[in-house]
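J.: Protein chains in written order, with my numbering: chain B, 1 to 388; chain A, 389 to 776.
These are calculated hints, taken from the structure and not from any lab test.
All values derive from a computational prediction rather than experimental measurement.
Just to be clear, a hint being listed does not mean it is correct.
Claimed, not checked - Listed next, the in silico DSBU-like pairs over lysine-lysine satisfying Cα-Cα at most 35 Å (straight line):
no.	chain 1	residue 1	chain 2	residue 2
1	A	K636	A	K613
2	B	K377	A	K476
3	A	K476	B	K297
4	B	K304	A	K476
5	A	K476	A	K636
6	B	K304	A	K704
Unchecked claim - Okay, the calculated bits of chain B under chain A, using three or more residues with CB under 8 Å as the criterion:
no.	segment
7	113 to 127
8	205 to 217
The beta carbon of each residue, even a glycine, is placed where N, CA and C say it ideally should be.
Number of protein chains: 2
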Amino acid sequence: MRRVVSELTNKLDIGKISGLLDIPEHSIKGALKRKTLQYVYGKQDIFRFDKPVSSVEGGTALFLEPFEIVRGFPKISRTLMLYPALIKHFSSCDKVAVEEKMNGYNVRVALIGDKLVALTRGGFICPYTTEKANDLIVRDFFYDHPELVLCGEMVGPDSPYVPKTFYNIESLDFFVFDVREKNSGNPVPVMERRKLMDEYGIKSVRLFGEFGVRKAHDAITDIIKGFGDTLREGVVIKDPKMILPPVKYTSSLSNCADLKYAFEFYNDFGRDFFFGRVCREAFQSVEWDENEESALKRCQELGKSILLPMISTIKKKKNGERIAENVQLRVKSLETIKEFEDYLRLLGIDAVFEQPEKIRNEFLVRIRKIHQSTNDKTETILGGQMWS
Amino acid sequence: MRRVVSELTNKLDIGKISGLLDIPEHSIKGALKRKTLQYVYGKQDIFRFDKPVSSVEGGTALFLEPFEIVRGFPKISRTLMLYPALIKHFSSCDKVAVEEKMNGYNVRVALIGDKLVALTRGGFICPYTTEKANDLIVRDFFYDHPELVLCGEMVGPDSPYVPKTFYNIESLDFFVFDVREKNSGNPVPVMERRKLMDEYGIKSVRLFGEFGVRKAHDAITDIIKGFGDTLREGVVIKDPKMILPPVKYTSSLSNCADLKYAFEFYNDFGRDFFFGRVCREAFQSVEWDENEESALKRCQELGKSILLPMISTIKKKKNGERIAENVQLRVKSLETIKEFEDYLRLLGIDAVFEQPEKIRNEFLVRIRKIHQSTNDKTETILGGQMWS
């Protein structure tokens with residue numbers, strides 16, 4: 001295998017990549033050496049950037065045959081204090097466009113040769129998402145615009161990563177929030193992009209409207225409060241021309257939902273998920289000038305989101321259950337299941353696949369993702385091991 | 389200064405230290421090279437182990453004149469699940485001794501030459517604690533037992549590290565929980581140690597009793613529940629012979645009090661304090677088989693301990709205040725204040741000392757410890773900076 005990878009590495013035209021990505025050749029060679037730019041095993045030969053390298057985003061993918069680059073999706077900054085952040089960040093715009101931030105997983109879809117390929121945020125080709133993208137997205141768009149990449153959210157219950165039922169989507173659906181050029185990553189302006197999607201019958205995330213920069217704060221607070229208890233995640237606030245980078249802002253309920261998930265598998269995700277989300281709650285409470293009752297309610301919800309899922313996990317383990325996350329896929333081809341299984345193995349995710357269940361012209365496959373660290377830690381503590 | 393340190397390093401008799409600590413010479417040389425064994429600037433020449441090196445505890449101190457070793461205080465393991473931990477850990481004992489874990493700071497007091505010296509957990513000589521130790525502890529003990537070290541908790545409101553008022557101590561007091569040999573760190577058995585302290589009129593931490601290993605769990609649960617809302621921290625459970633290492637177990641109220649402190653200065657301490665304490669809450673809830681009402685109460689208290697202090701900090705900063713922790717010292721000698729100021733500077737702690745206030749034969753000095761990271765982060769977020 002080693003030989004094969006080095007042969008493929010030799011096939012990379014460093015000069016050409018350097019020109020297209022606009023970074024020096026030695027940066028690319030260094031990244032290859034450090035495995036920051038790494039070959040990914042799979043049906044299709046790609047290299048991916050595991051982390052950012054100078055101006056190139058992590059998740060950027062290089063396809064070998066045919067040669068194509070798909071730039072990584074840029075990280076979106078988050079504001080914890082809406083008003084001052086909008087004023088500071090968007091001072092050079094008249095207005096901002098506010099779109100929904102949906103709760104699913106970030107996918108880039110591009111035409112590579114004659115095939116649609118779906119890349120995850122990290123720059124892996126997900127075989128399952130690729131099957132779904134081929135089903136969901138009208139090819140015409142790519143025939144007319146082969147140089148463009150659709151960036152969007154894959155949302156719905158049949159999601160192996162972020163299964164959510166509250167959008168009333170039957171299986172999985174794709175909502176575009178960005179259209180970018182393959183090589184440069186340059187984005188299409190907001191309204192132009194939405195119009196383009198409409199023309200091809202491709203869904204966009206919801207647009208809440210365009211607002212003057214000094215008024216956007218009130219409008220967004222109303223939007224977020226208007227989500228009520230629907231679990232909708234938040235908004236992304238954009239320069240309509242897409243010159244300034246966008247900013248995200250999320251609801252308390254979605255913060256708490258994330259915490260519930262993280263603390264069900266506390267030893268796998270608790271540490272990483274916790275701190276930022278707690279800070280969001282505290283700053284939002286101050287910005288909204290909450291009274292004591294509202295603040296106490298927020299404390300209660302925060303505490304419940306952290307402790308109750310952990311307590312439930314410990315009790316399950318005490319009863320001899322294995323701690324697992326249940327997800328499901330729905331595919332037309334059983335071959336996709338096989339490929340997805342290999343893909344999870346490649347990512348180091350431990351998962352148990354149940355027998356496919358035929359439903360109409362599709363197969364439903366239930367998967368139990370095993371979070372080993374939480375299983376092990378809970379078991380040893382229950383067995384009398386010390387914490388540290 | 390560099391030259392002086394290297395001269396002092398040359399003075400270390402590596403062969404002798406190697407023999408007394410029972411570790412190879414090359415380990416000591418390696419530790420010196422890596423600065424794991426480091427010279428500490430101060431009135432008295434000492435070297436300290438910044439981290440454990442093979443069997444030698446972090447915080448172990450080497451005095452040069454006269455040459456003395458004071459072993460570091462060993463880390464005490466914590467149980468989250470009392471019953472199985474006691475059974476597993478103390479299976480070779482008939483019974484365990486249960487002593488109070490007080491909420492102050494861990495200090496080792498030893499006679500070095502003709503002076504009593506107080507070392508912090510990390511192996512620094514704290515000039516303030518040294519003055520207090522000299523005041524509080526009868527010298528006779530050390531004249532009779534110069535080879536022994538008193539390990540105890542410094543507790544009370546006049547504490548620069550952990551000021552607590554709830555013990556009804558006027559200034560600062562010292563409670564012994566261990567007596568150990570200087571070179572070996574070997575401990576004196578529990579009842580023998582307590583008797584020895586009584587003989588010299590030195591205070592010990594409270595002994596709750598000795599309990600059969602299989603019954604200790606109920607007794608300790610009663611003790612912890614009996615703390616009620618007094619903020620007492622917890623217990624340390626010991627093999628009466630001090631052959632097996634002790635185990636600690638703490639109350640929910642003390643966990644929450646720690647969290648309140650940590651989240652008042654969230655960007656300095658929040659991350660480190662959080663995870664372990666949340667886990668303690670979850671396991672205790674399961675071990676105590678709590679009903680829904682008790683579990684919800686626990687969630688509320690947890691949420692309040694995290695969010696309310698953060699909210700208060702953000703509001704203070706919004707009002708232009710500087711985020712600081714107020715502590716106070718009470719000394720007989722103003723020279724001690726000067727030395728303590730130098731000492732905090734050495735540790736990299738930013739502190740503002742107010743003018744000493746004469747009270748009877750002592751000086752009260754108020755100190756504002758500035759937690760810069762929390763100040764900076766809060767200020768930038770309020771100013772519209774993105775979270776990340």
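J.: Enumerate the violated hints, using their earlier numbering and listing them in ascending order.
T.: The structure breaks hints 3, 7 and 8; every other hint is satisfied.
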